[in-house]
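There are 4 protein chains.
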Amino acid sequence: MYEELRKSVCDANLELAACKLAIYSWGNVSGIDRKGSIVAIKPSGVEYDELTAEAIVLLDLCGNIVEGELRPSSDTPTHLELYRNFKEIGGVCHTHSAYATMWAQAHREIPCVGTTHADFFYGAVPVTESMTTNQIKEDYELNTGRVIVRRFEGLDPAQMPAVLVAGHGPFTWGKTAADAFESAVVLEETARMALGIKIINPNQKGISQVLLDKHYLRKHGKNAYYGQKGEC
Amino acid sequence: MYEELRKSVCDANLELAACKLAIYSWGNVSGIDRKGSIVAIKPSGVEYDELTAEAIVLLDLCGNIVEGELRPSSDTPTHLELYRNFKEIGGVCHTHSAYATMWAQAHREIPCVGTTHADFFYGAVPVTESMTTNQIKEDYELNTGRVIVRRFEGLDPAQMPAVLVAGHGPFTWGKTAADAFESAVVLEETARMALGIKIINPNQKGISQVLLDKHYLRKHGKNAYYGQKGEC
Amino acid sequence: MYEELRKSVCDANLELAACKLAIYSWGNVSGIDRKGSIVAIKPSGVEYDELTAEAIVLLDLCGNIVEGELRPSSDTPTHLELYRNFKEIGGVCHTHSAYATMWAQAHREIPCVGTTHADFFYGAVPVTESMTTNQIKEDYELNTGRVIVRRFEGLDPAQMPAVLVAGHGPFTWGKTAADAFESAVVLEETARMALGIKIINPNQKGISQVLLDKHYLRKHGKNAYYGQKGEC
Amino acid sequence: MYEELRKSVCDANLELAACKLAIYSWGNVSGIDRKGSIVAIKPSGVEYDELTAEAIVLLDLCGNIVEGELRPSSDTPTHLELYRNFKEIGGVCHTHSAYATMWAQAHREIPCVGTTHADFFYGAVPVTESMTTNQIKEDYELNTGRVIVRRFEGLDPAQMPAVLVAGHGPFTWGKTAADAFESAVVLEETARMALGIKIINPNQKGISQVLLDKHYLRKHGKNAYYGQKGEC
Numbered sequence: 008m009y010e011e012l013r014k015s016v017c018d019a020n021l022e023l024a025a026c027k028l029a030i031y032s033w034g035n036v037s038g039i040d041r042k043g044s045i046v047a048i049k050p051s052g053v054e055y056d057e058l059t060a061e062a063i064v065l066l067d068l069c070g071n072i073v074e075g076e077l078r079p080s081s082d083t084p085t086h087l088e089l090y091r092n093f094k095e096i097g098g099v100c101h102t103h104s105a106y107a108t109m110w111a112q113a114h115r116e117i118p119c120v121g122t123t124h125a126d127f128f129y130g131a132v133p134v135t136e137s138m139t140t141n142q143i144k145e146d147y148e149l150n151t152g153r154v155i156v157r158r159f160e161g162l163d164p165a166q167m168p169a170v171l172v173a174g175h176g177p178f179t180w181g182k183t184a185a186d187a188f189e190s191a192v193v194l195e196e197t198a199r200m201a202l203g204i205k206i207i208n209p210n211q212k213g214i215s216q217v218l219l220d221k222h223y224l225r226k227h228g229k230n231a232y233y234g235q236k237g238e239c
Numbered sequence: 008m009y010e011e012l013r014k015s016v017c018d019a020n021l022e023l024a025a026c027k028l029a030i031y032s033w034g035n036v037s038g039i040d041r042k043g044s045i046v047a048i049k050p051s052g053v054e055y056d057e058l059t060a061e062a063i064v065l066l067d068l069c070g071n072i073v074e075g076e077l078r079p080s081s082d083t084p085t086h087l088e089l090y091r092n093f094k095e096i097g098g099v100c101h102t103h104s105a106y107a108t109m110w111a112q113a114h115r116e117i118p119c120v121g122t123t124h125a126d127f128f129y130g131a132v133p134v135t136e137s138m139t140t141n142q143i144k145e146d147y148e149l150n151t152g153r154v155i156v157r158r159f160e161g162l163d164p165a166q167m168p169a170v171l172v173a174g175h176g177p178f179t180w181g182k183t184a185a186d187a188f189e190s191a192v193v194l195e196e197t198a199r200m201a202l203g204i205k206i207i208n209p210n211q212k213g214i215s216q217v218l219l220d221k222h223y224l225r226k227h228g229k230n231a232y233y234g235q236k237g238e239c
Numbered sequence: 008m009y010e011e012l013r014k015s016v017c018d019a020n021l022e023l024a025a026c027k028l029a030i031y032s033w034g035n036v037s038g039i040d041r042k043g044s045i046v047a048i049k050p051s052g053v054e055y056d057e058l059t060a061e062a063i064v065l066l067d068l069c070g071n072i073v074e075g076e077l078r079p080s081s082d083t084p085t086h087l088e089l090y091r092n093f094k095e096i097g098g099v100c101h102t103h104s105a106y107a108t109m110w111a112q113a114h115r116e117i118p119c120v121g122t123t124h125a126d127f128f129y130g131a132v133p134v135t136e137s138m139t140t141n142q143i144k145e146d147y148e149l150n151t152g153r154v155i156v157r158r159f160e161g162l163d164p165a166q167m168p169a170v171l172v173a174g175h176g177p178f179t180w181g182k183t184a185a186d187a188f189e190s191a192v193v194l195e196e197t198a199r200m201a202l203g204i205k206i207i208n209p210n211q212k213g214i215s216q217v218l219l220d221k222h223y224l225r226k227h228g229k230n231a232y233y234g235q236k237g238e239c
Numbered sequence: 008m009y010e011e012l013r014k015s016v017c018d019a020n021l022e023l024a025a026c027k028l029a030i031y032s033w034g035n036v037s038g039i040d041r042k043g044s045i046v047a048i049k050p051s052g053v054e055y056d057e058l059t060a061e062a063i064v065l066l067d068l069c070g071n072i073v074e075g076e077l078r079p080s081s082d083t084p085t086h087l088e089l090y091r092n093f094k095e096i097g098g099v100c101h102t103h104s105a106y107a108t109m110w111a112q113a114h115r116e117i118p119c120v121g122t123t124h125a126d127f128f129y130g131a132v133p134v135t136e137s138m139t140t141n142q143i144k145e146d147y148e149l150n151t152g153r154v155i156v157r158r159f160e161g162l163d164p165a166q167m168p169a170v171l172v173a174g175h176g177p178f179t180w181g182k183t184a185a186d187a188f189e190s191a192v193v194l195e196e197t198a199r200m201a202l203g204i205k206i207i208n209p210n211q212k213g214i215s216q217v218l219l220d221k222h223y224l225r226k227h228g229k230n231a232y233y234g235q236k237g238e239c
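Chains as they are written, first to last, in this note's numbering: chain Y, 8 to 239; chain R, 8 to 239; chain A, 8 to 239; chain F, 8 to 239.
The set of hints was computed from the structure by calculation and includes no laboratory data.
Small disclaimer: the values here were computed from a predicted structure and weren't measured.
Where hints are given, some of them may not hold.
Straight-line alpha carbon distances no greater than 16 angstroms define the calculated EDC-like cross-link-like pairs of lysine to aspartate or glutamate that follow [to be verified]:
id	chain 1	residue 1	chain 2	residue 2
1	F	Lys205	A	Glu116
2	A	Lys221	Y	Glu145
3	A	Lys14	A	Asp40
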């Protein structure tokens, strides 16, 4: 059951390690089957070289284990909160990839300073509010999801598949577990460039709305003309 | 037809990925046969591990497809504008390689602060003007080529085989597709060093004209004495 | 005798080189058998690609060689001082890994600016006092151990498995030689992130005590709920 | 004739590329047979993957070719000037390795800020004066050697096996070609750390003379006690 989902989630987790976005067990990817409302996620604390598709844990959207011998990732309540609120997403990824984490732990959004960023993210990658003492002490992982969802009031998760949790690190998402992983790769590269740009020209604020629209919309939406799939 | 051209363009594109100058499909190399006025370029949105010489698209200098099943790179109009205006070049390369892109998106030329740079580029690597709203909205990729050509008024593309498009990233060129790729590699290494130099000594402006002449001209032009080909 | 100890110490030393935490012979890992009070350590100046388990030197806690043809690491007196004073540790690791060494040689503690750090280290990673002329001239390596031990007055080595020796570099430890190596890996990644955070936001001081407690204690101690081993 | 010398020089050149201290043909290593006064050096402009021991050029100390089909490195006059003046050295290495080159092109010596540096270099790595117009226009490569030799008035090349040529890059040396290569590796790592230290603590000036003496002299000279070769 859900063999394909489990495999895709396992593969995306293994890619995290292969692409050096996560060492030890510092990251996790999940995927959801929207029809069955079943989430597949990495088990907690398992290192990537020991991970198999069989070890992936299946849960319902309330966090009840449907199948799996192991305890799910401790970040599971965050993933579930995202799936419950961002209806169009099919995969979630959490890493401590170095550059994205630097921005998150510096409590700074990643400004949209260039077309590399604009090709993928429609604007600055937002950073959440710091969590309160109560939010940290009780239901920390669930509340992590809640501060993300709150930060996205007025934002479209489909156009902004990433967030920085202040003091912590990035969460990314996409249509599938593989897409969520891809968002994490692009975020990391974008975060790396943004650091260098800040050193070279600290006054560089960001590209114009018209250039952002041009780059984002030539790759996304109904008028996209990048790649082989859009209309010519 | 044009099998060799196609193969050399495919190889240069594959080198982009192998040398980590481009991830996913974020880069493209083209080459031109000047006799037949035929340009060979990477298809749009195709990832490097799926790229073959057969998939390379052939076009005339007006952008009409001569051969190829796939849509050409969305940056094709930029490449063509460069071929039409820089008559001596035989290959063009576009990447979002991290360090060169940092300078481009910081809207800063790469100063010629040392002999590594002077061995290859005859002066600071120029950055274009920001594009206007109209230039972005209509014929964006063609206009990208136009702002590059305009920036090169008074510059010799043979002595300066690179440009930074402001807010976007680098374009490089050379006598062949392979040379254009080599320009991209050297540009990236030069951009990386320039960032460190800026941190160590922000007041370092650049080397003297006499040292620039010495290094550039010992490798290029009729009095070159570097390598095995010049006169002794 | 102590074959397993020797092998584990050899393996941890080889990991140092494989993970690029040490080049040439710039690092050493030791392990202790607490029952027999026998310490196993890398021989001095031997490069990693020539290291075998047989070459590992066995000593008692006073530094007398129990078995081994080669001279032990010149840092041995530091290791022994740590074993004599930090009774609960079973392995010690010393490297000149680049980022951790930068902080040590800058005479700056690594602030606890985020959860990546808090997951592993309970607070800022401390830096020792500079050593006095006398401490350097006589029994330098033993005194290196003494300034570490002195710096840990009021700190729990089990909750803070790393120290930066001012002007020199990091020492890390853990329950075993392998754990000491893991501490070195995490320290290096943490030090790398802390450098970037300092550039992005120089005013970022550190996370709150409640977030530190949350992250550290969900992975360590009797109420830990991360991984597969704690109580659910 | 001089087969072993040629092989050792070829190997050291190949190591440059393998360790990513040089790309394309941006570096060269030479070695000398002091008895025969024969210098072996890389041919000019040959890329590392095409280099063989047979291609290594043999010259006398005046620069006359003794054996070899190819033209020697354009930097040969610099190497020869160093061999003529630094009698105790047996190998010379020139690279544009990124971090060492940053310091050279920033016209800044690499301060001795820590023990990693002090283990190998007895003090700050010096930077030469800028070369004059005349020194650049005539006999540039020979004059490069001369400004290095002039900078070493009062310095011992055996205790300081590296120099930064202002605006250009590093030259290193040692007892053999392999040692000269090792000096280049250590210089690069030291330069990398020094850049990070400068960011973390711009006021950090350098370690004390007593700590420098301790670290340098425990590895070098007659009282050395590091490694397996010194007296115990």
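Outcome of the hint check:
Distance check on the hinted pair: lysine 205/F and glutamate 116/A sit about 15 angstroms apart at the alpha-carbon level, within 16 angstroms; holds. For the proposed pair lysine 221/A and glutamate 145/Y, the alpha carbon gap of about 10 angstroms is at most 16 angstroms, so the pair holds. A distance of roughly 13 angstroms separates the Cα atoms of lysine 14/A and aspartate 40/A; the hinted pair therefore holds under the 16 angstroms criterion.
Figure legend: structure checked against the earlier numbered hints; every hint is met.
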